[in-house]
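**Student:** First to last, the sequence lines map onto chains P and B.
Okay, so the first sequence: first residue is 1 according to this note's numbering, each after it adds one.
Okay, so the second sequence: first residue is 173 according to this note's numbering, each after it adds one.
In case anyone wonders, no lab produced these hints; they're calculated from the structure.
No residue lacks a Cβ here, since even glycine has one placed at the ideal position from N, Cα and C.
Some clues are possibly wrong.
[Stated by the list, open to error] Residues on chain B that point at chain P, a partial pick, calculated with CB under 8 angstroms:
#  : residue
1  : I207
2  : E208
3  : V214
4  : T217
5  : A220
6  : G226
7  : Q231
8  : V240
9  : A242
10 : F267
11 : T268
[What the hints assert, rightly or not] Taking CB as the label site, the calculated pair distances span:
#  : chain 1 : residue 1 : chain 2 : residue 2 : range
12 : P       : I101      : B       : K271      : 33 to 39 angstroms
13 : P       : M27       : B       : D265      : 20 to 26 angstroms
14 : B       : T268      : P       : S131      : 49 to 55 angstroms
15 : B       : V240      : P       : M95       : 25 to 31 angstroms
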Amino acid sequence: MQVIAFYILAGVAVLASLGVIGQRNPMHSVMLLIVAFGAFAGLYILLDAPFSAVTQIIIYAGAIMVLFLFVVMLLNAHTEDDMVPATIGPRTLKMGVLLSILLSGEMAWALTQIGQSAFSTDPGAISSISSVGHIGSVLYSTHAFAFEVTSILILVSMVGAVVIAGRPRRER
Amino acid sequence: MILLNHYLVLSGILFAIGTAGVFLRRNLITILLSIEIMLNAVNITFVAAGRYHGSVDGQIITFFVMTVAAAEAAVGLAFVIALFRHRESLSPDAFTSLKW
Chain P
1 MQVIAFYILA GVAVLASLGV IGQRNPMHSV MLLIVAFGAF AGLYILLDAP FSAVTQIIIY
61 AGAIMVLFLF VVMLLNAHTE DDMVPATIGP RTLKMGVLLS ILLSGEMAWA LTQIGQSAFS
121 TDPGAISSIS SVGHIGSVLY STHAFAFEVT SILILVSMVG AVVIAGRPRR ER
Chain B
173 MILLNHYLVL SGILFAIGTA GVFLRRNLIT ILLSIEIMLN AVNITFVAAG RYHGSVDGQI
233 ITFFVMTVAA AEAAVGLAFV IALFRHRESL SPDAFTSLKW
């Protein structure tokens, strides 16, 4: 059962991700990426991580993708990019394909270096890592400093986004 | 029986897809989407490794990665809007003024 669910979700994730980079229309790319994020959330549930699955749906599919959709609709640039075929030069294409193959080869080599590692099936350990309360207590004690720094990061990026995307000064 | 290796292979495939998207696509929005795919591939590795070691640290770092991804998306899309306003284009080849 778990094996079938894993292969279905993994297949959906890979196909949707391939669709994201294969689409000409950014709108379709964003929609396919939401499908891929749903599959990722399913994989997190298979990994006994319901907290990550829910944040994946709420933050990624709910917030970040809506931001992307807003920008795609705001710029309304897909028609223009369709008319001028945005091709890349043969040299760039060759370099890109070469680098991607090199990266895949490196990762395939690294993956052959690890042995077969089965997940533990101890129910105590599973309930401990899937408990949101436990995650919260570790987050606010061990990782409290990183958590606070994250709030500064969010503030800075918020102000930065407003300053960068704001109206140019001469038009005021 | 699903092993840790299955998740690592899946994550590697997705990361390679994201990298190929960054290298091969000529649209700033699609490039940002490819970066999101790469971040998510890494997240799967973290959660699977956390499950394997029986610790919640994998899920916590996933949470931080999502936060950073949200910040990155906000700033990146702000740049896309600002660049589009200047050049009326989304192709990275249109923004080569700083290239020597």
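**Student:** If a hint holds in the structure, say so; if it does not, say that too.
**Tutor:** Hints, verified against the model:
| no. | hint | verdict |
| --- | --- | --- |
| 1 | I207 | 11 angstroms, violated |
| 2 | E208 | 7 angstroms, holds |
| 3 | V214 | 11 angstroms, violated |
| 4 | T217 | 11 angstroms, violated |
| 5 | A220 | 6 angstroms, holds |
| 6 | G226 | 4 angstroms, holds |
| 7 | Q231 | 5 angstroms, holds |
| 8 | V240 | 7 angstroms, holds |
| 9 | A242 | 6 angstroms, holds |
| 10 | F267 | 13 angstroms, violated |
| 11 | T268 | 13 angstroms, violated |
| 12 | I101(P) / K271(B): 33 to 39 angstroms | 26 angstroms, violated |
| 13 | M27(P) / D265(B): 20 to 26 angstroms | 22 angstroms, holds |
| 14 | T268(B) / S131(P): 49 to 55 angstroms | 52 angstroms, holds |
| 15 | V240(B) / M95(P): 25 to 31 angstroms | 28 angstroms, holds |
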